[in-house]
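**Q** Okay, here's what each chain looks like letter by letter:
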Amino acid sequence: MDNINVLIIEDTKAQSDALAKVLNSNNYNIVGIATSYKDALDLFYNNKVDIVVIDIFLNGNPDGITFAETINVVPDASRPFVFLTSSTDRKIFERAKLTQPFSFLMKPFNELEILYAIEMAVEKFYAQNDVFLSDEEDTVISKEYLFIKKGKSLKKVLLNEIIYIEVEEKYCNIITEKEKFVILISLTKILDLLDNTMFCRTHRNFIVNSEKIVEIVPADNLILLSGGHKATLSDTYKTIIKKIRTLR
Amino acid sequence: MIKQKIYTFSIILWLPIFIFSQAKVKDSLFQAEIEKKVSKFKTQTNFKKAHLFLLEKNWDSTLVYTMKQLSVSNNKELTNYCHLFRGHSFREKKLLEKAKKEFKLISSEFKFYYKVNINLGEILLEQNEIEKAIDYFKEVEKLINSNQFVYKKSSVLSNLGLAYAELEQHNKAEKYLLECKKLEEINKDTIALIGTNNNIAILHYSKDNKKQAFEFFKKSYKLAQATNDFDLKTTTALNMSIFEELKKNIPSALSYRKEYEKWKDSLNDQNKVWEVAELEKEFAVKQKQKEVYVLETENKLKAAEINKLLYSAIGLLVLLASGGYFYREKIKSNKIIVAQKATLDELNSTKDKLFSIVSHDLRSSVNALKTSNSKLQESLETKNFTELDTLLNNNSAITNGAYNLLDNLLNWALLQTEQGYFEITSMRLFIIVEHVAYNYKPLLLDKNISFENTVTKKDLIDADQESLKIILRNLLDNAIKFSNENGSIKVYSRNTNGTFCELVIEDTGLGITENTRLELLKDTALLSKKENEDIIGTGLGMQLVKQMIQKNKGKFNIESELGKGTKMIVSLPKTAS
Chain A
1 MDNINVLIIE DTKAQSDALA KVLNSNNYNI VGIATSYKDA LDLFYNNKVD IVVIDIFLNG
61 NPDGITFAET INVVPDASRP FVFLTSSTDR KIFERAKLTQ PFSFLMKPFN ELEILYAIEM
121 AVEKFYAQND VFLSDEEDTV ISKEYLFIKK GKSLKKVLLN EIIYIEVEEK YCNIITEKEK
181 FVILISLTKI LDLLDNTMFC RTHRNFIVNS EKIVEIVPAD NLILLSGGHK ATLSDTYKTI
241 IKKIRTLR
Chain L
249 MIKQKIYTFS IILWLPIFIF SQAKVKDSLF QAEIEKKVSK FKTQTNFKKA HLFLLEKNWD
309 STLVYTMKQL SVSNNKELTN YCHLFRGHSF REKKLLEKAK KEFKLISSEF KFYYKVNINL
369 GEILLEQNEI EKAIDYFKEV EKLINSNQFV YKKSSVLSNL GLAYAELEQH NKAEKYLLEC
429 KKLEEINKDT IALIGTNNNI AILHYSKDNK KQAFEFFKKS YKLAQATNDF DLKTTTALNM
489 SIFEELKKNI PSALSYRKEY EKWKDSLNDQ NKVWEVAELE KEFAVKQKQK EVYVLETENK
549 LKAAEINKLL YSAIGLLVLL ASGGYFYREK IKSNKIIVAQ KATLDELNST KDKLFSIVSH
609 DLRSSVNALK TSNSKLQESL ETKNFTELDT LLNNNSAITN GAYNLLDNLL NWALLQTEQG
669 YFEITSMRLF IIVEHVAYNY KPLLLDKNIS FENTVTKKDL IDADQESLKI ILRNLLDNAI
729 KFSNENGSIK VYSRNTNGTF CELVIEDTGL GITENTRLEL LKDTALLSKK ENEDIIGTGL
789 GMQLVKQMIQ KNKGKFNIES ELGKGTKMIV SLPKTAS
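Chain order of the listed sequences is A and L.
In this text, residue positions in the first sequence follow the working numbering: the first is 1, and each later residue adds one.
In this text, residue positions in the second sequence follow the working numbering: the first is 249, and each later residue adds one.
Extracted from the complex, chain A is given alone in its bound form (with noise of 0.2 angstroms):
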């Protein structure tokens, strides 16, 4: 599990430093603090973004709404993101909701409530609402990553790293390379949300990543898996075989 990758926009250096501090603490990693627009334009491009938390006042110009624009023109670089204000001025929250998924924070904020604007962000953002608020789920999926409430914050996966997914009943195990954890998602909202082409139902409770697929022994109903993980193949989910390259 990783950390998740924190752009901060904000021109006021005593705000932007206790906004880092918080998430710091909450095990979120910043990776830039932009006090412009043309800041964050690079900041953002030149680093792995997973959130943006946006001022949108920079230096009295509604900038940030601006930059929101800037990177919702391409949808797939786009990320989730969270404006900040300390006003509630109307007309420029009619801007500002115009960049959808639109999720804001008034200033003062509180720790709570920061990462709560970050989780809604994320869940809006991926169209998964209802998720880390809720006893039956704490993840979210997206293209690339599974993002996962641990405590307080959230933790990344990336899906590339999984090399299967045990279901059971309301729980998830995910294993992947380096370890193993839990997680809270219906079985067909994550068969539904993973890209189908690179995980494959071989069984009633198991979901494999074919591209780390070692070996397919149909006679014992097994499949092995990179790092010696071994899963069943079940006589109903058998056509895969004729759909998986395997490695050998």
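The reader is advised that the hints may include incorrect statements.
Said to hold, decoys possible - Computed cross-link-like contacts, DSS-like style, restricted to lysine-lysine with a CA-CA straight-line distance of at most 27 angstroms:
no.	chain 1	residue 1	chain 2	residue 2
1	A	K124	L	K717
2	L	K599	L	K717
3	L	K801	A	K107
4	L	K717	A	K152
5	A	K150	L	K390
6	L	K352	L	K316
7	A	K97	L	K423
8	L	K390	L	K324
9	A	K91	L	K799
10	A	K150	A	K91
11	L	K599	L	K803
12	A	K107	L	K717
13	L	K324	A	K150
14	L	K423	L	K455
15	A	K152	L	K705
16	L	K705	A	K124
17	A	K124	L	K706
18	A	K107	L	K705
19	L	K288	A	K152
20	A	K97	L	K324
21	L	K324	L	K288
22	L	K706	A	K149
23	A	K149	L	K316
24	L	K717	A	K21
25	L	K717	A	K91
26	A	K189	L	K770
By construction, these hints were calculated from the structure, which means they are not laboratory data.
We have chain A already, so just place chain L on it with the hints.
**A** Coordinates of chain L only, in the frame set by chain A:
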């Protein structure tokens, strides 16, 4: 000369007789016969009309309709009648040749053919074709005793006599005239008798039989005296005078002449009187007509005036009504304005009061900071760190209070001007309570108040996040403010089955009186009564809470027991699932 005069006279005399007799005929058998024909040929409207016009003596119309009738029908009988009508009409119009032509078109089988002969004879007589006239009259004379003959026999005889007189066949003339006279005497036809006597006298005179002539003139004159006919009187008198003059009996002639003049004058007078009367009548009629015109125009004017009056009355009425209406409206709106003014004044005064309180509070806060800061400096110099810590804590409490006040002020201003962003979304009540309570952790710890948020995580409500936070901040702030040390504050949801979720903020603080409670729940006016000098603030917070709840379509209630604690209850609409 004399002869001529007499002749002129005789003809004048003869004509009225003729017309008279003809008119009489119309009323008798002939008339009845025509009526019969009319009813027999009911469908022949032209004939009927021609007949009617004939009776009205409208000769032109008679001619037109008979012409129409002739062109339409071939019935012999009707044709004969038509020609008769036409002939008669032409004769009346003095178109004698045409009349003759029309009469000659009538077939000899016609029932009233003798009439044709009489007419023709008379026309010829008028045209001085005496011999031809005599032929026609002779034809008539043959029939004179038949019972179909309804014409005045005497007039035929008279005509014959006159005709012979014209031809100077005096014996024949005398015979006819005497016969005529006899008939007239039987019929007691005085006027005709005067003429006949006159004619006989002229006849005798022309035979130089002066004595007899005188006798007849005298007879004629005497008869004329007995009538009322001025014409006859004048002519007979004139004749007598001429006759006397011829006899050289001048005095007598003169007296006759005078009589003649008298009659003539009276005739003239009468004519003149008649004319004058006619003129007067005309004048009077004209005058009347004028008067009528004047009256008419007057009437028109009056009507116009009446209309004008009516319209202006209606206009005035409408004006009055609308005036009344607007007056009432004005009074109404004035009342509203006065009421509005009263409320505005009230609001304004509360606003003013609010400003003074707020500024007073802020001033004292800042003043406290000032003194505290100088103390801090002192402590720093003396390195009294424990003192430093308490002072800083104190400062932060002061700034928190002042900040909250300013925040409320700002939000209140935004709410009044509707400039703030407001968007109702679905959210988890629990999280919002957590977020708000997070800021009060130090304060709670400071007063050693236990805090519990037991709102169900599943409670989803519809609200604007920022305004909900303002509500919760104020309610929590109040709860802490009014709680004693070691008290407890509980926030929980009472999930009724309705569409609302009740959020309860319960403290174990001072509690409030029923009056204050009601005062707090009132819709208007800021609570600025300082019941509890130390802790009760401006009331701005509560005002804000109420207005925000209203804006979020929620409800607000307070339950309290003095000395035991207060429950602030906010009902918010649940998210419809």
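**Q** Determine for every hint whether it applies to the structure shown.
**A** Verification of the hints:
1. A/K124 - L/K717: holds (21 angstroms)
2. L/K599 - L/K717: This hinted pair holds, its Cα atoms lying about 24 angstroms apart.
3. L/K801 - A/K107: holds (25 angstroms)
4. L/K717 - A/K152: At roughly 21 angstroms apart (the allowed maximum being 27 angstroms), A/K152 and L/K717 satisfy the hint.
5. A/K150 - L/K390: violated (161 angstroms)
6. L/K352 - L/K316: holds (19 angstroms)
7. A/K97 - L/K423: violated (145 angstroms)
8. L/K390 - L/K324: With a Cα-Cα distance of about 25 angstroms, the restraint between L/K390 and L/K324 holds, given a limit of 27 angstroms.
9. A/K91 - L/K799: holds (19 angstroms)
10. A/K150 - A/K91: violated (37 angstroms)
11. L/K599 - L/K803: Given that 27 angstroms is the threshold and the Cα spacing comes to 25 angstroms, the pair holds.
12. A/K107 - L/K717: holds (12 angstroms)
13. L/K324 - A/K150: violated (138 angstroms)
14. L/K423 - L/K455: Cα-Cα ~14 angstroms, so holds.
15. A/K152 - L/K705: Distance ~16 angstroms between A/K152 and L/K705 Cα, so the pair holds.
16. L/K705 - A/K124: holds (20 angstroms)
17. A/K124 - L/K706: holds (19 angstroms)
18. A/K107 - L/K705: With a Cα-Cα distance of about 25 angstroms, the restraint between A/K107 and L/K705 holds, given a limit of 27 angstroms.
19. L/K288 - A/K152: The given pair, whose Cα atoms are some 131 angstroms apart, is violated under the 27 angstroms limit.
20. A/K97 - L/K324: At roughly 114 angstroms apart (the allowed maximum being 27 angstroms), L/K324 and A/K97 break the hint.
21. L/K324 - L/K288: It holds: about 14 angstroms lies between the C-alpha atoms, which stays within 27 angstroms.
22. L/K706 - A/K149: The hint holds at about 18 angstroms.
23. A/K149 - L/K316: Violated. A/K149 to L/K316 sits at ~123 angstroms, over the 27 angstroms cutoff.
24. L/K717 - A/K21: holds (24 angstroms)
25. L/K717 - A/K91: Roughly 21 angstroms between the alpha carbons, so the hint for L/K717 and A/K91 holds.
26. A/K189 - L/K770: It is violated: about 50 angstroms lies between the C-alpha atoms, which goes past 27 angstroms.
When the structure is compared with the earlier hints, violations turn up for hints 5, 7, 10, 13, 19, 20, 23 and 26 and for no others.
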